[in-house]
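Colleague: What follows is each chain in one-letter form.
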Amino acid sequence: MIKKILNSGALGALVIALGFVILGLGTSIHRTTDFIIFCIFVIGFDLLYGHMGRLSFGHMLFYGSGAYAAGLLVRYGPPNPYLAILIGICAGALVGGILAPVIVRATGACFALVNLAFNQVGYFLALVAFAKFTAGEDGLSLTFSVIPFLNLTNPKVFFGFSLFCLVLTYYFMKRLTSSPYGILLRTIKENETRAQFLGYNTFTYKWITFILSSSISAFAGALSTINYSYVNPSFIDPTRNVEVIFAALIGGTGSLYGAILGGVSYMLISNYLARYIPRWEMFLGIALLILVFKFREGIWGSIRGEWKSRVEG
Amino acid sequence: MISTLIYGLTIGGILYIISIGLSLTFGSMRIVNFAHGMIYTTGAYILVAVLPLLKCNFVEGVLIAILVVIPLSFVIEKYIIRRLYGESIDYAIIATYAVLLIGVDLVKWIWGTSPIPLSDPVGRSVTCFSVTVPSYRIIIIVISLMICIGLWLFFKKTIVGKIVVAGLQDREAVRSLGINVDKYFSIVFVLGSCLAALGGVLYAPITTVHPYMGFHILLISFAVVIVGGLGNLKGTTIAAFVLGMVMALTGRFWGPAAEAMVFAVMAVVLIFRPIEV
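Protein sequences appear in the order of chains A and B. Just so you know, our numbering puts the end of the first sequence at 599, numbered straight through with nothing missing. Just so you know, our numbering puts the end of the second sequence at 949, numbered straight through with nothing missing.
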């Protein structure tokens with residue numbers, strides 16, 4: 287019975303929710319909401335990197351398309367935040383679905399670079415080509431309508447709502463990665479040819495996974511637009527890709543807890559430690575080098591390793 | 673129209689000079705080298721720093737920039753790239769990107785974030801076919817063609833070049849002949865970095881010198897390398913000039929779209945010719 291509950295992920299969800307509530311009480315609500323949204327983004331990214339073994343260097347594109355779709359809807363259509371989130375997710379899925387047939391053919395380095403190239407194109411579209419609608423560099427500042435029952439413009443309500451979204455994403459991913467589909471993803475990561483031998487059409491699976499990953503990222507983007515109530519090109523800036531990669535690496539790839547721990551760690555570093563670090567990019571670069579050469583398993587990976595050696599030894 | 677053609681050849685030449693180093697690193701070590709962009713930026717900044725400091729002329733400045741880059745690229749090769757050999761390619765991307773970040777921040781620390789304009793070192797223009805073109809552009813095209821021929825001779829005629837080409841084809845076979853392939857590949861890496869610095873200093877007078885200049889050109893160079901085929905030197909050469917033309921033609925109609933158009937061409941190429949890495 288206890289094992290069943292443990293495996294269902296209910297306990298994990300509870301721990302995550304409690305952790306964020308404590309963090310929210312300890313720091314500020316607005317900032318913690320930002321943390322939560324970033325964690326959703328890291329989960330979306332890690333579905334591709336940790337589970338399918340494809341490093342995307344352009345995931346800001348999907349984050350940004352979600353953010354911009356939500357922002358444009360609110361500016362030029364009904365300012366309903368729920369509709370904005372929905373449209374944001376759809377936009378992410380659409381962009382991912384269209385680009386995936388080109389992107390998922392590539393592996394390894396090509397996969398990363400092609401993503402980065404498309405991200406650059408998306409940045410250009412938002413910054414220059416559609417500047418008439420997106421207001422270019424200035425971005426759009428948005429006002430959302432007040433929904434009587436769950437008013438997302440209230441920071442506390444939005445905090446609860448984002449936390450609910452994170453738990454929902456967590457639960458969805460937990461089910462997904464422990465299903466036969468999730469096992470197939472890991473097979474693709476380890477040996478794609480083998481998966482093809484077993485009769486699976488890996489192209490379709492990669493396509494679907496890519497769409498899922500881009501939708502989750504766009505979900506985070508749309509939520510972030512509501513949190514900040516503006517959207518500008520920094521939401522789709524290709525040079526910011528390194529943030530999510532850093533978060534996924536520091537937390538430990540291929541695990542949901544790792545993604546969430548990584549998201550929180552990165553946000554804590556960038557929000558609180560950054561004040562004492564005069565050269566932020568250099569710090570990020572050196573930290574990345576340490577992560578790559580010395581600390582590959584990440585925080586969650588080392589916790590798990592320690593746990594295993596305790597139990598066995 | 674002819675000025676567009678010349679402009680396309682100029683960009684193509686610069687792209688060729690930069691991409692060949694990337695292509696060599698990828699072909700030899702299977703590593704996608706983001707640090708290349710940092711070398712490129714460093715080259716241009718050294719030139720900017722050296723010109724007023726030593727009161728030397730442009731050519732001397734270029735030579736100094738290239739000389740400074742040699743030990744730098746040697747250190748990167750020895751402590752970063754060499755350690756990544758045989759590892760997962762994702763770690764190589766992340767680690768070299770980290771080097772790029774550190775480099776960009778160092779440049780910002782030393783020279784500040786504001787772009788530095790650099791005047792045309794030649795100044796004169798030539799008129800051919802009733803079009804006036806700055807002669808500096810012509811010089812760039814000539815230099816890139818010279819490098820093209822020089823590299824061709826290097827890979828065909830010299831023993832070092834032949835070892836490198838053989839190593840690109842089949843690393844293990846060359847090793848089994850008792851040749852230390854890694855040593856030759858590190859020579860190639862330094863050579864590629866010198867070319868990146870050369871590309872940086874040659875392109876600097878056409879655009880401005882700013883800390884993120886490496887990032888943009890690097891993305892386009894990656895597109896060149898992907899279109900040309902990773903590690904395929906002949907393909908890279910053709911792709912560089914073709915994409916240079918694409919940029920010039922797009923830029924003629926709508927300037928900002930030039931970069932985006934390169935990636936569109938890359939996407940089309942990828943659809944019809946998926947790459948196995």
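These aren't lab readings, by the way, just hints derived from the structure by calculation. Possibly wrong hints are sitting among the right ones.
Unchecked claim - Below, in silico cross-link-like pairs of lysine-lysine (BS3-like), each with a Cα-Cα straight-line distance of 27 angstroms or less:
| # | chain 1 | residue 1 | chain 2 | residue 2 |
| --- | --- | --- | --- | --- |
| 1 | A | K418 | A | K442 |
| 2 | A | K475 | A | K580 |
| 3 | B | K829 | B | K906 |
| 4 | A | K580 | B | K855 |
| 5 | B | K780 | B | K834 |
| 6 | A | K580 | B | K906 |
Since the model is a prediction, treat every value here as computed from it, not as a measurement.
Colleague: Against this structure, judge whether each hint is valid.
Modeller: Cross-check of the supplied hints:
1. A:K418 <-> A:K442: With a Cα-Cα distance of about 34 angstroms, the restraint between A:K418 and A:K442 is violated, given a limit of 27 angstroms.
2. A:K475 <-> A:K580: holds, 22 angstroms
3. B:K829 <-> B:K906: holds, 16 angstroms
4. A:K580 <-> B:K855: holds, 26 angstroms
5. B:K780 <-> B:K834: Violated, at roughly 40 angstroms.
6. A:K580 <-> B:K906: Violated: A:K580 and B:K906 sit about 38 angstroms apart, past 27 angstroms.
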